[in-house]
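Fit chain R to the known structure of chain E by using the hints.
The primary structure of each chain is shown beneath.
Protein chains: 2
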Amino acid sequence: MDSKILFLIVSIAVSLLSFVFALWLNAWIKKQPSNNPRIAEVGALIKKGANTFLRKEYLLLARFAGAVALLILIFLPHPIWQGAIGDNIAMALCYLAGTVFSAIAGVIGISVATIANAKTAEAAKSGIKLAFMTGFRGGSVMGMAVVGSTLLGVSLVTLFTKDTTALLGFSFGASSLALFAKAGGGIFTKTADISADLVGKVELGIPEDDPRNPAVIADNVGDNVGDVAGMGADLFDSNVASMAAALVLASVLDAATGGVVNAAMVFCYAAAGLLASILGVSMARMGKKGPTHALNNSTYITTAIFIVLTAGATALFSFEWRIWGASIIGLLVGVVIGIASDYFTNDEKNPVRNVAKASGSGPAFTILSGISYGFLSALPALVGIAIAALAAYKICEPIGPGYAMFGIAMAAVGMLSIVGMIISNDAYGPIVDNARGLAEMGNLGDDVLEITDQLDSAGNTVKAITKGFAVAAAGLTVIALLGTFISEVNTAAAEMGLPAINGFDVMNPTVFFGMLVGAAVPAVFSAMLILGVDRNAQRMVAEIHRQFREILGLKEGKPGVVPEYDRCIEIATVGALKELIPAGLVAILITLAVGFIGGVEAIGGFLTGNIVTGLLLALFMSNAGGTWDNAKKYVEAGNAGGKGSDAHKAAVVGDTVGDPFKDTAGPSINTQITVVSLIASLAATLFLSYSIF
Amino acid sequence: MDSKILFLIVSIAVSLLSFVFALWLNAWIKKQPSNNPRIAEVGALIKKGANTFLRKEYLLLARFAGAVALLILIFLPHPIWQGAIGDNIAMALCYLAGTVFSAIAGVIGISVATIANAKTAEAAKSGIKLAFMTGFRGGSVMGMAVVGSTLLGVSLVTLFTKDTTALLGFSFGASSLALFAKAGGGIFTKTADISADLVGKVELGIPEDDPRNPAVIADNVGDNVGDVAGMGADLFDSNVASMAAALVLASVLDAATGGVVNAAMVFCYAAAGLLASILGVSMARMGKKGPTHALNNSTYITTAIFIVLTAGATALFSFEWRIWGASIIGLLVGVVIGIASDYFTNDEKNPVRNVAKASGSGPAFTILSGISYGFLSALPALVGIAIAALAAYKICEPIGPGYAMFGIAMAAVGMLSIVGMIISNDAYGPIVDNARGLAEMGNLGDDVLEITDQLDSAGNTVKAITKGFAVAAAGLTVIALLGTFISEVNTAAAEMGLPAINGFDVMNPTVFFGMLVGAAVPAVFSAMLILGVDRNAQRMVAEIHRQFREILGLKEGKPGVVPEYDRCIEIATVGALKELIPAGLVAILITLAVGFIGGVEAIGGFLTGNIVTGLLLALFMSNAGGTWDNAKKYVEAGNAGGKGSDAHKAAVVGDTVGDPFKDTAGPSINTQITVVSLIASLAATLFLSYSIF
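Sequences listed follow chains E and R, in order. Each residue of the first sequence is one higher than the one before, starting from 1090 at the first, in this note's numbering. Each residue of the second sequence is one higher than the one before, starting from 1090 at the first, in this note's numbering.
Hints are computed from structural coordinates only; laboratory data are not their basis. Treat the numbers as computed from the prediction; the structure is a model and nothing was measured. One or more hints might be untrue.
Intra- or inter-copy, both count: the list cannot distinguish identical chains.
Unchecked claim - No farther apart than 25 Å at their CA atoms in a straight line, the calculated lysine-lysine pairs in the PhoX-like style are these:
1) K1119 - K1722
2) K1667 - K1438
3) K1438 - K1251
4) K1377 - K1214
5) K1667 - K1218
6) K1377 - K1644
7) K1290 - K1738
Okay, chain E solo, but in the shape it has when bound (with noise of 0.2 Å):
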């Protein structure tokens, strides 16, 4: 038995362990005592929600994802005229693969939220610490469903596909289902929530989550769809295209020497990873310092753990230093643009500040400053990221030609290997908030809606470090999926006889063709969002003024009247439905016709001019975002005029722009790079056949 199956089966060992973790965390959590009637109902209406609007986009989804196999049995790897079917069968395989198995992780990843939410709202009650296990226990299900398919599902592509090319069909799955589940929650949520707030809390000056408001269950249901299954998709995604840019780089070098010992160091480090996510989570408890520093404090045991981790299996299996030295580099600089997103988005420093303080002129100066925050707060990570993509190449180049490249990939798979933390804590946010609600629409009194808020606001404040993780280890996976694209080229290019490319020259204009239409690409695909977003809350913001129109007592809380919030709710799923596809088919359209009129070498331009504007937006949205909503609650607590003030009103545009910005935008880019680039990879082979140039 050679090393790499070796760690294959210790791979699907650590991931079956992570599934079965998450089942005694599911256990757990249930068992958690609820006796509220009112929360009961709450939740139930928020569960049905989120399941309709799950199923619904699932079942559209399972046509696209059809469609797209069929077209993938037809096209690749190869045209299915020139033989070799069976390879196209697999890849059809594995590409329906990718997309279940990023399904069952967004479905697990509901299921427990759904139910978390109202156990932590129950749990608040006895008070702060077992809310917060509860609540972050809910988030880690996710994180272990998430991290545990990824390696379960790369670990048996492997096994039963010798072909790495497979692997990209795999990742081209995951990615596909999460550019839509992304864009498909990050509609509905932002819809919901910025209708809830614009005529709940601007028009007529009801609480948050008051259950009068007839979008305050799709403002719930929201949080879930979009927070949770959309944003565990998205790593989904970016978890399985690391490993599979890994992968297929290691493959080339492993066969150059015969050998595999890169393909076993990436499923070593992968494992290890999970391992530390796990350990990491059954660590956690809150202690005297807070629910942010338990967050924060979970992430930094879970990180020096991977290291511990990863430096005695580099030790043990004589794997190469200087790649745990790249891991470990990509690492770092993840946690440096953390800490630069907090800057921008904390207020306790001066862009939130200055936000808050330019509010007091108008909404305009709210609107101009946080834009030009978020512009300034692309600086440090683009730095980052590119000091870490140099570093990374630079320690692995000695090793041996193709090494620096896979320097890169690994840093990526470092610094995403301890994912399963980092989404124990971001799905940790959206239950916390929906206890809040159900605290709120459930009359549990004051006492316990200050415990939701706290946990509440250590969500937000965690979030900071968690992007700062997940911009940087996107940035680098596309840079890695750059070269796995050339070495697909490359081995589409010697199977037809064709000369290696070694690169992309800025000077060649198809090159540099590609590049200006792939940096447009990034700000159509966020437009279309927004406006998707944008019309969908005009919907909704009419239905809600019906509502309050027609319900005689509605707004005076008549005891025994309740809106109609099925109508919201099936505003805010068919809206999303309708606006998630035309995004990301353009995105996906344009690529295709790159391709096809440039070849590869204008493929090769468009995805760096991709990257790099797609970072550059995904960046500046995410933070200026983040900047706006803690502007909006600093005046809340009392600054710059406090609640009901004109700055405060200024600060509420702020955030409603800011919504569809860092949730729905913002995020989705990264996953519009990376299925970009995985076509790329996939389609070289028809690019360099069929190509007008």
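Frame of chain E, contents of chain R only:
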């Protein structure tokens, strides 16, 4: 006498002709009657404010230019300790000449614009035709001065120095002055514009240009220093840079054959463009179809004349027809991009109408939809530039090695050579805008106001097409400058015995490192300018509030009570001067840092990343700003609720956000890219000798 000298003499003659024509236009304007004492008084205030600002700005910039000239003397083109001090002296003098020519063009433009505004207002009393001619001819003086200075300066530098690198020094002088003049003027004008609107129109509901508003004179001064002087410096810069890039590439081609034909062709086309502009301006008349038609028509006439003249010259002097073809393609793509910009900013098309409609749901929707359309608008322009560059390259590639890149440069030259006409149209805008203000303040009555409104609206409409030209030309120019950079690097490398560089491979991590950093620079630069406007406007809003509070009878319009206009002008001036230096300096210093860290490879990537995101952000900001501006006007024309409605208030917020987008940051990015590209070319030797990697 060789043909290059001949063409140089012709060029100088044509440029002198344009100055004579400018003098004639100036005399014609001065001859127009004026007899309203109130207009004379207010006009004098505007003139004084503009001159004061310009004097202070140029004094500051003179110190800056002196410091830069000293650095050039020591370091460029070669460090002084390596000998050949004569080259350094020549370079420093050329740099200073570039700044002086740019400043002179700005002063000429301002001096006539601040006369033409009053003359136009008074001419409107006798009808629209004369008023149109006065405004248009006022703008044309600026157009002739800018293009005449370009051709004269470039010809003289070529005549007196043998080295084309000296031309890059001249171009750098023009660019560095433009960078600061555009930034300073842009901050001044938007500070005043935003503050005047926010307090006057939004808070107090008094009309635009109401003399009670303390910021009204500052606003009119801003039109001159930002839109006339700043814009003139900007287009002078692009124009010089495109000629310099083409001449550097031509000199390499000519050196290979021992001829001068390519350099001669550059001068010939530039002279033809100026001649076409002179003819186009002198033939402009307003017919029955109104001012918009007259402005667009004269652009089309100029374009046609240019095509005919260059075709004739190409036949006569046996120039390459392929290069002529590249120029024409550039021109046509410029028109297409103009039409695309027009679609996104025209109030008869969907984008503006949708933004107006979205405003009904509140300012957040105004902002979100405007940002989305701004992002979408980047696609056709970027694709257009990509196609133009690819086509110019492919058309000229068969001529021989090096001609492909020269083709791109000539496409830029061709497009920019009709810039005399473009500037005439552009500078017409602020003059008639000022005339409107003077008509309002001079109580010339509603009939006159209607005429000036009509002229003003025409100015806004043609802006879309001229901006399309400007962005397309800038895009092609900076691509050509990338070619110039490689050419300069290889000249230096040959001297130092280093291998030549053929291009910049994006798979090279040093190139990629530079690219990510370069991508961040336009975002950071824009953010700093916008924050400058934001801070400065907050100061001015406070001052206006103070005046309305403390000056008794001002708000009520008590006869004899006048606001302290000077204080507002002072705030705009001091703030603009304080804010203009840091943003430009950051861009310059990051370039030098990247060059000294990563060497020429990193700079190659840096320029590419800078161009790609720079064009994207410039298009996004210019067009989003235009969309908001026109959406507001569309609402004011009685749509979506009309004046005073909530939709109108929301649309005003959009317009305010758009102001620094379209008139400060957006257009400054072009200059930022040019400056950075020129620094890279000039410091090529230094980067080759002294970089860390």
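The hints, checked one at a time:
1. Taking the shortest alpha-carbon separations for K1119 and K1722, neither the intra-copy value of 33 Å nor the inter-copy value of 59 Å comes in at or below 25 Å.
2. With identical chains, the CA atoms of K1667 and K1438 are at most 25 Å apart between copies only, with a shortest distance of 24 Å across copies and 40 Å within one.
3. Neither within a single protomer nor between protomers do K1438 and K1251 lie at most 25 Å apart by alpha-carbon distance, with minima of 52 Å and 55 Å respectively.
4. For the homomeric pair K1377 and K1214, the shortest alpha-carbon distance inside one copy (18 Å) is at most 25 Å, but the shortest distance between copies (79 Å) is not.
5. For the identical chains of this complex, K1667 and K1218 are neighbours neither inside a copy (42 Å) nor across copies (52 Å), given an alpha-carbon limit of 25 Å.
6. Proximity of K1377 to K1644 under the C-alpha cut-off of 25 Å is found in neither arrangement, the shortest distances being 42 Å within a copy and 58 Å between copies.
7. With identical chains, the CA atoms of K1290 and K1738 are at most 25 Å apart both within one copy (10 Å) and between copies (19 Å).
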